[in-house]
Structures are given as structure tokens and as C-alpha cells.
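Enquirer: Input sequences plus hints: build the corresponding full structure.
Chains as they are written, first to last, in the working numbering: chain A, 1 to 505; chain B, 1 to 505.
It is worth saying that the hints were derived from the structure and are not from the lab. Please note: incorrect hints may appear among the correct ones.
When chains are identical, the list treats them as one kind, so a pair holds in a single copy or across two.
Said to hold, decoys possible - Taking lysine-lysine and the DSS-like style, the derived pairs with C-alpha atoms no more than 30 Å apart in a straight line are:
#: 1; residue 1: Lys139; residue 2: Lys17
#: 2; residue 1: Lys335; residue 2: Lys394
#: 3; residue 1: Lys43; residue 2: Lys458
#: 4; residue 1: Lys317; residue 2: Lys154
#: 5; residue 1: Lys59; residue 2: Lys10
#: 6; residue 1: Lys59; residue 2: Lys105
#: 7; residue 1: Lys43; residue 2: Lys463
Given the structure is predicted, the values throughout are model-derived calculations rather than measurements.
Number of protein chains: 2
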Amino acid sequence: MSNSHEELYKELLERLKEISIIGACEGLLGWDERTYMPRAGSKSRADQISYLAGMAHKKFTDPKIGEILSELEKSPLMNDPLSDSAVNIRETRYSYDKSVKIPQKLVEEISHTTTMAQGIWAEARKESNYPKFLPWLEKIIKLELDLAGCLGYKKEAYDALLDNYEPGATHESVGKVFEDFRKELVDLAAAIMNSKKRADISILEREYPVDRQAMFGQSGSAAIGFDFHAGRLDVTTHPFCSGIAPGDTRITTRYNPHHFGQAFFGILHESGHGIYDQGLDDAHHGTPRGNSVSLGIHESQSRMWENLVGRSKAFWKHFFPRAQQMFPEALSNVKFEDFYFAINDVRPSFIRVEADEVTYNLHILLRFEIEFAFLKGDLAVKDIPGAWNEKFKKYFGLMPKNDAEGCLQDVHWSAGYIGYFPTYTLGNLYSAQFFAKAKEEIKDLEHQYEIGKYDTLKTWLNKNIHTHGKRYRAENLVQVVTGKPLSHKPLMIYLKTKYGELYGV
Amino acid sequence: MSNSHEELYKELLERLKEISIIGACEGLLGWDERTYMPRAGSKSRADQISYLAGMAHKKFTDPKIGEILSELEKSPLMNDPLSDSAVNIRETRYSYDKSVKIPQKLVEEISHTTTMAQGIWAEARKESNYPKFLPWLEKIIKLELDLAGCLGYKKEAYDALLDNYEPGATHESVGKVFEDFRKELVDLAAAIMNSKKRADISILEREYPVDRQAMFGQSGSAAIGFDFHAGRLDVTTHPFCSGIAPGDTRITTRYNPHHFGQAFFGILHESGHGIYDQGLDDAHHGTPRGNSVSLGIHESQSRMWENLVGRSKAFWKHFFPRAQQMFPEALSNVKFEDFYFAINDVRPSFIRVEADEVTYNLHILLRFEIEFAFLKGDLAVKDIPGAWNEKFKKYFGLMPKNDAEGCLQDVHWSAGYIGYFPTYTLGNLYSAQFFAKAKEEIKDLEHQYEIGKYDTLKTWLNKNIHTHGKRYRAENLVQVVTGKPLSHKPLMIYLKTKYGELYGV
Chain A
1 MSNSHEELYK
11 ELLERLKEIS
21 IIGACEGLLG
31 WDERTYMPRA
41 GSKSRADQIS
51 YLAGMAHKKF
61 TDPKIGEILS
71 ELEKSPLMND
81 PLSDSAVNIR
91 ETRYSYDKSV
101 KIPQKLVEEI
111 SHTTTMAQGI
121 WAEARKESNY
131 PKFLPWLEKI
141 IKLELDLAGC
151 LGYKKEAYDA
161 LLDNYEPGAT
171 HESVGKVFED
181 FRKELVDLAA
191 AIMNSKKRAD
201 ISILEREYPV
211 DRQAMFGQSG
221 SAAIGFDFHA
231 GRLDVTTHPF
241 CSGIAPGDTR
251 ITTRYNPHHF
261 GQAFFGILHE
271 SGHGIYDQGL
281 DDAHHGTPRG
291 NSVSLGIHES
301 QSRMWENLVG
311 RSKAFWKHFF
321 PRAQQMFPEA
331 LSNVKFEDFY
341 FAINDVRPSF
351 IRVEADEVTY
361 NLHILLRFEI
371 EFAFLKGDLA
381 VKDIPGAWNE
391 KFKKYFGLMP
401 KNDAEGCLQD
411 VHWSAGYIGY
421 FPTYTLGNLY
431 SAQFFAKAKE
441 EIKDLEHQYE
451 IGKYDTLKTW
461 LNKNIHTHGK
471 RYRAENLVQV
481 VTGKPLSHKP
491 LMIYLKTKYG
501 ELYGV
Chain B
1 MSNSHEELYK
11 ELLERLKEIS
21 IIGACEGLLG
31 WDERTYMPRA
41 GSKSRADQIS
51 YLAGMAHKKF
61 TDPKIGEILS
71 ELEKSPLMND
81 PLSDSAVNIR
91 ETRYSYDKSV
101 KIPQKLVEEI
111 SHTTTMAQGI
121 WAEARKESNY
131 PKFLPWLEKI
141 IKLELDLAGC
151 LGYKKEAYDA
161 LLDNYEPGAT
171 HESVGKVFED
181 FRKELVDLAA
191 AIMNSKKRAD
201 ISILEREYPV
211 DRQAMFGQSG
221 SAAIGFDFHA
231 GRLDVTTHPF
241 CSGIAPGDTR
251 ITTRYNPHHF
261 GQAFFGILHE
271 SGHGIYDQGL
281 DDAHHGTPRG
291 NSVSLGIHES
301 QSRMWENLVG
311 RSKAFWKHFF
321 PRAQQMFPEA
331 LSNVKFEDFY
341 FAINDVRPSF
351 IRVEADEVTY
361 NLHILLRFEI
371 EFAFLKGDLA
381 VKDIPGAWNE
391 KFKKYFGLMP
401 KNDAEGCLQD
411 VHWSAGYIGY
421 FPTYTLGNLY
431 SAQFFAKAKE
441 EIKDLEHQYE
451 IGKYDTLKTW
461 LNKNIHTHGK
471 RYRAENLVQV
481 VTGKPLSHKP
491 LMIYLKTKYG
501 ELYGV
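Expert: Pasting the structure below:
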């Protein structure tokens with residue numbers, strides 16, 4: 001019998017790998033659609049992508065996979081819950097059950113509705129016209145509740161949705177950490193706002209020619225460890241990272257010739273995602289054991305390189321003289337301390353995507369509270385703008401002038417991404433907790449940055465996080481790597497230390 | 001019953017369209033492999049492409065397609081042999097029979113052998129070491145004979161192979177036209193070689209900055225009618241055109257900063273292919289009725305724009321002043337007549353891909369004769385170099401110094417492409433015959449070029465050639481469009497007139 005289990009397991013892996021090849025093709029088509037595809041190709045591209053997606057879905061929901069899983073779950077391959085086989089069986093079961101639970105009709109209805117809604121949302125945002133978007137959001141919430149119903153949940157419908165992005169996370173588990181975090185964060189943000197110290201951010205708004213930004217960005221990306229033999233950097237309107245297949249991870253950015261940081265930190269961010277994808281174990285490619293843990297853990301990698309490394313003083317000890325060489329007109333007369341302050345400027349703003357390290361999380365916490373409330377029915381959809389503005393005033397001390405810079409600013413809800421926002425702040429929390437541990441284990445980490453050496457941290461991340469694939473769920477991974485459950489403290493300590501120094505608070 | 005035929009026909013089209021979507025995905029993966037793919041991605045890419053190719057092959061050789069075809073062939077859908085349905089049934093049958101006749105084992109053996117042989121060939125060419133390549137070529141010839149045996153043929157094994165590239169063509173039909181052509185062409189080439197008039201080609205070898213070549217090439221491509229909303233131009237080592245899907249046709253080139261013509265005429269050439277692909281009838285996309293006729297007809301479109309239009313005096317009346325503006329350092333002091341002569345320089349050379357309009361065809365005729373002879377067994381493989389050099393001396397008046405610039409120069413035979421070469425000269429012959437007809441019907445065509453107007457010719461080609469898809473086989477298409485069977489005369493008249501004037505012969 002054990003031989004037969006081995007054979008079934010082999011068949012499972014073959015099926016998963018076949019599906020992952022289809023996924024890789026789809027990945028390249030998607031990358032091309034956003035980078036180089038000629039405009040008139042979009043109809044054909046939609047046909048190609050939906051054909052491949054349909055095929056992958058069909059192959060993954062094949063009842064034979066369910067049968068194999070049922071057999072394997074009773075087998076010795078599950079004995080060690082952390083073995084490759086147990087991880088693959090557990091995580092395939094998890095995804096398989098989700099896939100077969102959702103009726104095709106609901107998938108299509110969500111897809112159709114959100115496609116329409118995104119168009120309406122874009123218009124509504126332009127006109128700052130919430131009532132225009134209102135009926136669509138109501139419809140989407142209803143569909144997402146249906147979806148949650150199909151998926152099932154123990155306590156909150158919200159949990160079923162959140163689980164799609166951050167497997168294992170619940171409103172309760174996340175909410176507890178967020179709540180502790182928010183209390184301290186609001187105070188820190190307020191203290192900074194009251195500080196008299198102000199960075200001169202005009203330094204960053206000088207002329208930074210795009211071709212040189214591209215060279216500088218690429219050199220930064222390569223320096224922190226993104227492998228350009230196995231990856232590329234291209235230009236898109238909305239930057240992303242796509243891990244297409246082993247040896248092929250692609251990141252994108254957008255350049256603003258009148259701003260230093262948007263592209264550079266964006267590139268470090270996407271490079272962090274890319275380094276994670278490149279660090280996955282190729283031997284397990286196509287199976288959960290060779291795949292990333294969750295959106296939150298992925299985001300922890302991008303935020304770590306973008307912020308904890310990329311906005312640190314030590315990093316710029318090495319890079320600032322190089323930036324001055326690359327952009328002499330803009331930077332030759334700028335003092336190191338002024339540059340460092342400018343790239344770490346904190347000021348409350350209405351728009352999430354423009355926010356700094358401190359206030360960014362307040363934007364997320366607010367959205368988390370709002371979306372939980374409207375999904376539960378505690379907040380009527382028509383009352384979202386009022387609730388938003390009230391919270392905004394409370395957390396930021398400011399009142400949005402209109403809904404375009406308030407509750408209409410993000411695409412997520414119109415796309416049906418309810419439960420997605422928390423992964424951003426989870427990413428920040430994870431990143432600080434991992435980073436604190438790395439610093440504990442690598443004594444001279446900051447000194448290494450000062451001399452342009454980043455491979456020690458990269459190797460640490462490879463070993464402790466990337467190479468495990470989905471062996472651990474996010475919650476366990478944090479525990480295994482840092483020896484403690486997720487806490488807001490490491491991030492809070494990091495923020496207080498860094499910004500306390502900068503703002504004298 | 002007629003209703004049931006309609007249903008079967010609909011099913012056939014659906015199957016073909018599904019296969020064409022897979023082909024489009026494969027097309028994009030192939031394009032990316034040659035343009036942007038990071039090097040380390042090649043193993044993954046090979047898996048992806050072979051997966052899709054295997055799937056497309058499996059779907060196309062499904063016995064159900066054979067059954068549907070058998071039913072449809074007896075149906076009224078075949079009544080009008082030029083109807084869309086009859087064309088689709090006829091051409092699907094043609095491809096289907098070919099596909100099912102070749103054993104998978106032979107496909108794999110050819111693929112494996114030619115992959116190896118191409119590596120060996122590259123080394124042999126580098127070392128000018130024919131004996132090194134000899135056993136591989138012998139093996140390939142044996143496999144190609146097996147292939148011809150599987151496919152079947154009436155007179156010559158060569159016909160079965162040629163038919164793969166130029167459906168319906170035979171050694172006899174092509175050989176007759178080539179023979180007539182060669183006799184006159186050798187004389188014209190000799191007369192030009194004896195002429196005292198010589199172009200100053202150093203004009204073209206000045207500094208032509210790559211970025212400006214790209215702009216100029218793109219403007220030329222757009223001017224002749226390549227639609228950049230539905231296409232792109234990128235850089236590759238070996239230029240090609242890939243018609244991926246409706247709205248998405250991609251061409252490539254390579255730039256030599258010390259040569260004006262290589263990229264520019266290459267771009268016009270690929271644009272000609274692209275204009276054909278963009279001119280196919282989208283309503284029939286994915287079926288033979290919406291696909292191109294043959295390699296030879298495809299080549300006729302690229303050669304027409306590259307040579308008959310792109311190297312004409314009238315074309316440069318419009319473009320030369322623009323080239324002078326774009327490349328003032330290189331061209332501002334150059335006279336129009338000298339530039340025109342330089343881009344039409346004729347001189348015998350050993351290397352096919354560097355040849356001019358006149359001698360190019362002699363390179364092809366020589367290869368056609370050699371490959372026919374070795375496939376038939378009239379020429380021992382070990383004697384190819386001797387036969388090559390002897391013919392070369394006869395046609396060009398020159399003797400290759402070694403096999404690297406003789407019979408080892410082209411990749412084709414090592415790749416198993418026996419029967420491919422003739423399509424190049426067929427393309428030239430078709431192009432001249434079509435073009436003569438177009439000039440007859442569009443009285444002021446040359447004047448239109450002089451004012452930069454090319455849409456009349458493009459529309460003529462769309463209407464007379466592109467939109468028909470595979471309605472006519474190449475042979476018939478020439479007859480239908482020009483009222484005459486294929487002949488060497490239009491090309492000979494064109495060459496004699498143009499080069500008689502340039503060289504006073």
C-alpha cells in the first residue's frame with residue numbers, strides 16, 4: 001500500500017506542476033499585457049488569458065484531485081506534518097476545497113460585476129461622486145457575502161474573505177494586534193505632527209532624468225540581491241512583481257522625472273517581492289512547498305527592503321555618494337542629513353499610496369475597520385463616507401475635503417478585494433519582527449549596509465523564510481523564525497526609535 | 001442533414017479556434033524568449049512551450065477532427081470550392097493528414113537530432129570543418145527521407161518536403177521556372193560585374209546612431225502601413241515577424257551603428273510580413289480562411305516592401321531628405337543619386353544573407369539544386385563542398401576560400417529545413433509578378449511614393465492577397481491576381497530595367 005501512496009503522491013505533484021506551467025504561461029501573458037502589448041491586442045489577450053485560466057481551473061477542480069487527496073490524507077505521508085508531502089497535501093486540500101466550493105456562476109457574476117464596477121468607480125472618483133458608486137458597492141458586498149457563505153467560516157463572514165489573502169488569519173487575531181498598534185501609532189503620528197522639525201522635501205522634487213533613474217534603480221536592485229540573470233525591470237503604470245517561473249521573475253516601476261523617490265523606493269519594494277520569488281525552492285516549484293506563504297509575508301519582504309533597509313541611514317551611507325554622482329545637478333550640494341530626513345519625511349496626507357512609513361498603517365487600520373463594519377452590516381453602505389471622514393479626523397487630525405480623497409481613493413473594493421487591505425499592515429508588522437530577529441542574529445548588519453553588503457540579510461531571509469515555501473502558515477512562520485507570536489511591538493519600537501530621533505519626539 | 005453539417009462545421013471551427021488560441025500563447029512565449037526573457041528563464045520557457053505545443057498537437061490530431069472532416073467532405077458545404085467552408089475543410093484536411101501521418105517517434109527523433117546538429121554545425125562553421133558536420137547532415141537527410149516517406153509523394157521525395165513550406169509546389173513546377181530564371185540571371189550578374197560603374201557604399205558605413213535608426217525605421221514602417229496600434233518593433237539577434245493574434249503582430253530588427261541599411265531594409269522587410277498578417281481577415285482568424293497562404297507568398301510581401309518599394313528611386317524621393325535630416329553628419333553632403341546607387345549596389349559575395357537583389361537569387365538557385373541532388377542520392381553528402389564550389393564558380397565567377405563561406409554558411413540543413421530555400425526565390429518571383437500587376441492597375445503608383453503615399457498599394461494587397469487567406473493555393477493565387485501562371489519574366493524585367501540603368505548594361 002505504501003508504494004501506491006507514493007504513486008498517488010507523484011501523480012498529485014505531476015498534476016500540480018502541469019497546472020503551474022499553465023499558470024506560468026498566463027503569468028507571461030499578463031506581464032506582457034501590462035508592459036509591451038500593442039493596444040489593439042487586448043481583445044485577443046483576454047481570450048488567451050481566460051482560456052488558460054479556465055483550463056487551469058478545470059484541471060485543479062478535477063474530482064480526481066479530491067480523490068487523491070482523500071487517499072493521501074490517510075497515508076503515512078502525513079505523519080510528519082512539516083514534511084514536504086504533508087505540506088503539499090495540506091495546502092492542496094486547502095486550495096482545492098476553496099476552488100470546488102465556489103459555484104462557477106458566482107465566479108462569473110463577481111468577475112462581471114467587478115469589471116463593470118471598476119469603470120464606474122473610476123468615473124465616480126474623478127467626479128468625487130459617491131452616490132454613483134454606491135449601488136455597485138452594495139452589489140459587490142452582497143456577492144462577497146455570498147462568496148463568504150460558500151467558503152464557510154466560524155465566526156465572521158469577513159474571516160472567509162481575509163483568509164483568501166492571508167490564510168489562517170481572522171478578524172479576531174488580526175484585529176487584536178491592529179488595535180494595540182493603532183493606539184500607540186496615533187500618538188506617535190500626533191507627536192510628529194506637533195514637532196517643529198521639518199524635512200525639506202523639495203530636494204527630492206528636482207530634476208532626476210529618467211534614464212539615470214533607471215540605471216540607479218537597477219544598480220540598487222542588483223545590489224540588494226535581485227538577480228537580473230533571472231529577472232527584469234520594466235515600466236508600467238501600476239508597478240508589480242510577477243514570479244513567472246524558475247529563472248524568470250519580473251518587476252516593474254514607473255518613473256517621475258521630477259521626483260527621486262517614487263521610482264527608487266518602488267524598485268526596492270518590487271525587488272523585495274522578487275528576491276522572495278527568486279529565493280523559493282526550485283526543486284518544489286509548482287507545488288505549495290515551493291510557493292510563497294501569503295500576501296502578508298510577501299509584503300513583509302518588499303517592505304523590509306524598501307523601508308527597513310532602503311530608508312535606513314546605513315543604506316544611504318553607501319548609496320548617497322553614488323546618488324550624488326548620478327544626479328550631480330540635483331544632489332551635489334545636498335547634505336547627507338537633509339537627504340536622509342527628506343526620504344523619511346512624515347506628514348499626514350489623505351492618499352494612502354503617497355503615505356510615509358508612520359501614517360501608512362493608519363490608512364490601513366481605518367480601511368480594515370470600515371470594511372469589517374460594512375460587511376457585517378454594522379455600517380450602512382451609504383454611511384461609509386461619513387464614517388470614513390470621522391475616523392480620518394480621529395486618526396490623522398484632518399478632514400478629507402471630498403470623497404475622491406476619502407473613501408473613493410482605492411480601487412480595491414470596486415475590484416471585490418474585501419479583506420485585502422490588512423495584508424499591507426500585516427506585511428509591515430511581519431517585516432519589523434523578522435528584521436529585529438535578523439539584527440539580533442547578524443551583529444554587524446548595519447555596518448554591512450554601510451559598505452554596500454546585503455547578501456548576509458538576503459541569505460538569512462532565503463534560509464529562514466523563502467526556502468520553506470508554504471511549510472508554515474504565516475502565523476507559525478513568525479513564531480518559528482522569531483520565537484514569538486506576531487506583535488505590534490517590533491514595528492512600534494522601530495518607528496519610535498527612528499522617528500523619535502528625526503523629529504525629537 | 002444539412003443542419004447537422006452546419007453543426008459539425010461549427011464544431012470544427014470551434015476546435016480550430018481553440019487550437020489557434022493555444023498557438024497565440026505559444027507565439028507570445030516564443031517572441032518573449034527572443035526579446036526580453038531573462039537568460040535563466042530558458043529551461044522554464046522550454047517546458048512551457050513544449051507543453052503548449054504538445055497540447056495543440058494533441059487537439060489537432062484528435063481522431064474526432066478526422067471524423068468531422070470525412071462527414072463534411074461529403075456535404076454541400078464543399079459545393080463551391082472557393083467558399084469559406086470548402087476552403088476551411090480542404091486546408092484542414094491537408095494539415096490534418098500531414099499531422100497524423102508523422103509518427104510521434106519520428107517527430108522526436110528529428111527534433112532531438114536537429115537540436116544537436118545545430119550545435120555541431122555552429123562549431124563546424126566556426127572551424128570551417130565540413131567533415132565534422134558531415135555525419136550529422138547524413139543523419140538528417142536520412143530522417144528527412146523517412147519523413148517524406150511518411151508524408152507520401154508522387155514523383156520526388158523532395159516534393160513532400162517542399163510541400164511543407166510551399167503547399168502544392170513540386171520540384172518540377174518550381175524547377176522549370178527557376179531554370180529559365182537562372183539562365184538569364186547569370187548573364188545579368190556577369191554583365192553587372194563587368195560594368196565599370198561602381199557605387200560608393202562607404203556612404204552607408206558612416207555613423208548612424210542606433211536611437212535615430214530606431215526612430216527612422218519606425219517612421220518608415222508606419223509610413224508603408226504597419227499599424228503600431230496593433231503591433232510593435234523590438235530588437236533581436238535574428239529578426240523576425242510574429243503574427244501572434246488579431247491586433248497583435250510583432251516585428252523585430254537589429255541595429256548596426258556603422259551601417260544605414262541593415263536595420264532599415266530589415267524593418268521594411270519585416271513590416272511587409274507584418275502588413276500581411278495585419279491584413280488577414282479577423283473574422284476568419286484561427287481557421288485556414290484567415291491564415292496566410294505559404295512561406296513563398298509571405299516572403300513576396302516582405303520583399304515587395306523591402307525591395308520593389310523600399311529600394312526604388314521614387315521611395316527615396318520622399319525619404320532621402322528625411323534621412324538627411326535624421327542623420328545630418330552622415331548624409332548631408334551626399335547626393336541623391338549616390339545614395340540611391342549605394343543602396344542598390346550589386347556585387348557577388350559568398351554570403352547569402354549579405355547579398356543584393358540580383359545575386360541573392362543565384363544563392364538560392366544553387367542551394368535548390370544541391371539539396372535536391374543530395375536528397376535524391378545523386379550527390380553524395382561528402383561531395384557537397386565540391387559541388388557547391390563548382391556551381392558557385394559557374395554562377396558567380398568566384399570560388400569560396402573555405403566551407404564556412406561555402407556550404408556551411410546557413411543554419412537551414414542542420415535544422416532539418418530541406419525544401420525551405422526555394423521559398424525565398426519564389427517570394428521574389430511572386431513579388432515582382434504581383435507588383436507588375438499592381439502598377440498596371442494603379443497608374444500613378446510611383447508618383448504616390450514620391451509624395452509618401454503608400455496606402456493605395458497596401459489596400460491593393462489587402463484586397464487582392466491578404467483578405468483571401470488560404471482561399472487559393474499560391475499557384476492559383478498568382479493566376480487569379482495576375483491572370484498568368486508564375487513566370488520568371490516580371491522579376492527579370494524589373495531587374496534588367498533597374499540595374500541596366502544603374503550599371504549601363
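Enquirer: Which of the listed hints are broken here?
Expert: The structure breaks hints 1, 2, 4; every other hint is satisfied.
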